[in-house]
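There are 2 protein chains.
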Amino acid sequence: MLAEIITIGDEILIGQIVDTNSAWMAKELNKIGLAVKQITSVSDNAAHIVSTLNEAQKRADIILITGGLGPTKDDITKLTLSKYFNMPLRQDKVTLDHITSIFARLNRPMIESNIRQADVPDGCTVIQNANGTAPCMWFEHQGKIIVSMPGVPFEMMYLMEEEIIPRIKTAFKLPVIIHQTMLTAGLGESFLAQEIADIEDSIPSHIKLAYLPKLGQVRLRLSASGSDEELLKNEVSAITEQIVARISKYVVVADDLTLEKAILDKMKAMDLTLSTAESCTGGYISHLITQHAGSSAVFAGGAVVYSYDLKESILGVNHKTLNDFGAVSEQTVREMVQGAILHFKTDCAIAVSGIAGPDGGMPDKPVGTVWIAVAHKQQVVAKVFNFGGKRVQNIERSATAAFTLLLNLLKQDV
Amino acid sequence: MLAEIITIGDEILIGQIVDTNSAWMAKELNKIGLAVKQITSVSDNAAHIVSTLNEAQKRADIILITGGLGPTKDDITKLTLSKYFNMPLRQDKVTLDHITSIFARLNRPMIESNIRQADVPDGCTVIQNANGTAPCMWFEHQGKIIVSMPGVPFEMMYLMEEEIIPRIKTAFKLPVIIHQTMLTAGLGESFLAQEIADIEDSIPSHIKLAYLPKLGQVRLRLSASGSDEELLKNEVSAITEQIVARISKYVVVADDLTLEKAILDKMKAMDLTLSTAESCTGGYISHLITQHAGSSAVFAGGAVVYSYDLKESILGVNHKTLNDFGAVSEQTVREMVQGAILHFKTDCAIAVSGIAGPDGGMPDKPVGTVWIAVAHKQQVVAKVFNFGGKRVQNIERSATAAFTLLLNLLKQDV
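Which chain is which? The protein sequence lines are A and B, in order.
Numbering-wise (the UniProt record's numbering), the first sequence opens with residue 1 and increments by one.
Numbering-wise (the UniProt record's numbering), the second sequence opens with residue 1 and increments by one.
Any given hint might turn out to be false.
Only some residues are given here: those of chain A computed to face chain B with a beta carbon under 8 Å [to be verified]:
id, residue
1, E11
2, W24
3, H179
4, A303
5, L310
6, F344
7, D359
8, G389
If you're looking for bench data, these hints aren't it; they were derived computationally from the structure.
Built from N, CA and C at the ideal position, the CB exists for glycine as well.
Please construct the entire structure, taking both the sequences and the accompanying hints into account.
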């Protein structure tokens, strides 16, 4: 049993938006044992939508489509499906009532194009969209299932979680797919591979090992498929134990977590609190932390301070330190991290001061020069990095480096 | 002349990573007048890679492939292409020297798998990857061009910018594609469409109008293709003027900018400075602002404060206010925004205090309740929102709402 995802919209093909729907949907499908064979993005073009749909049905049994269901003229998915399945449009009363109630709640008049959103191909199963006006449509066609959903992420997510996934689980007996990820930091993928070469060679063919590198981190992922969940779990768990034992120095956590979530979990278990003092990362580090539910149990707060003035008034950095050594210096970043601990009253802190670029580089401190300090108890560790990349990458790498430094400092506290 | 993008990697199909490469590449290709017909993501499976490559060549002239070039066993793209083009692998001296120099610089030993990265299909054009060890390979095959690049984004980006785009521009006479985007806030897409229905009906067929909604914002995008750049520009510009004149109340900017970049530009022109006081958005607002180059000319800094204690000590919120009204209240958010202006010494400020969830909801303040205040000169505007969504969406919507409130306040200052 295989699934495919088709995302429709000119905005994807011209690169105006990143297709985040597909990854989210693929993850949800994999959780219920449904592997995704292919993800295809096509423009709002009827002929291309039809040929893509035909190709997808040759490979997969369930096709999930997002996008192209808006009320405006550029959206043609519904009309295309109506013709494809030879199901003329009819007005759906339940959908119309739903749309009418949304507009009544917003106290807005309905216009012709809103009413037309209640038209559906006659013969499909109509599934109401609690978060929007475009209904979801479920087609059964020559033994295949084709589902059309809106492309707005939170509308699609609600429909997947509440409607589509439960219906798929009821309709099919699905195989089991198990993934186990190990997050590592500090060693490149080829060296990790060398360290565990003999283990990798011994892995049976229904289990795959993949290396997923990302700026300073490598994820190792085992994927097993079969029918006996208990057996697969035991097999994967045994291999995971072997690998973790071999490269324990580099394993952050044997789970598919982000680096900052692994740190949050560790700090929560150690009953430690954290604050941040950010310059060039501009709030990105505190954002990464606070996007996780429950982060406030560990994270007290942080300051983003660009100017000398604010580094002094908010964090208590000495005027003389800034004048003598500059904002991007070991001395300043050490005072920033201590200032964060003092003013935000936390056990640990992260401080970053650097030149993210593209401007602000100097001969002795080019763009990409970043000083990072982390503190835990009385210990402060400071390190300089020369990322030399572009602004967004420098911000990203600074965050990864800061988390890795803090993690290593916490590891010493056992 | 059409292009297609194929991204290879199991991690995409199981939803472990979001494919951000495709959007970036599509944008770059469109800039040089090369439309992308389809984006296809497939797993590390040789047969599927081959069939995808065959299908793509039926539709497009240039196929850009990313991913599957790492040194580890799960990466099979190079071997698959070698067999597909019937070009046996040979060791490339220049590539080997490049890899050797990288390892020498890192002071690390080279292992067998690193050396094998210098193997390339005999007959392709090898393009050195300045940011990594996997070389880029350019194939010419039955009148089509197929390029294989590493999937690591900053390696791919460098290769595209420095090598692939210039080579494509040299090789072909490309048509012109022009996009013009208008960012609007405050009116839904169906109402916008109604407002400009007659303008939309008059648009010639070589120009398309698309509506791209995203939590509280709608982008209108005109896309024109043809051969005469000047003519297309004039046509698009005339339609843009008509639309902007019609819906001027809702147009933030007639450009493809993010909301925060439009605000930064506007504030810079008005010579105003900005600070933030964030609770539930946890640094996301300051991160959105500071990811833009040059933001420090406007943005002075900000505080992320979760506890009552820090709201008092960092921002000067009154203890009595917090006790009497709670952290998520009009009174608190007004004192937060004034505290930000005072302590960060700025002309304008944004303050947000809310319940992002999933925990922390109360009967009178459920999850998704967010108070936002914006301040400019002596004016403070505060408003409550009930987003009621999930954590990440609540954070995202809070940021959009805050920027829209600030923008409207700035608009009054003329």
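Hint check results:
1. At about 5 Å, the closest approach between the beta carbon of A/E11 and any beta carbon in chain B falls short of 8 Å, and the interface hint on this residue holds.
2. Against a cut-off of 8 Å between C-beta atoms, the interface hint on A/W24 holds, since the closest Cβ of chain B lies about 6 Å away.
3. The interface hint given for A/H179 holds, since its Cβ lies 6 Å from the closest Cβ of chain B, which is under the 8 Å cut-off.
4. Here the hint on A/A303 is kept, as its CB sits about 5 Å from the closest CB of chain B, short of 8 Å.
5. The closest approach between the C-beta of A/L310 and any C-beta of chain B is roughly 5 Å, which is under the 8 Å cut-off, so the hint is satisfied.
6. Nearest Cβ of chain B to the Cβ of A/F344: about 6 Å, under the 8 Å cut. The hint holds.
7. The criterion of a C-beta within 8 Å of any C-beta in chain B is met by A/D359, whose closest approach is roughly 7 Å, and the hint holds.
8. Look at A/G389: its Cβ gets to within about 6 Å of chain B, closer than 8 Å, so that hint holds up.
Violated hints: none; the structure is consistent with every hint.
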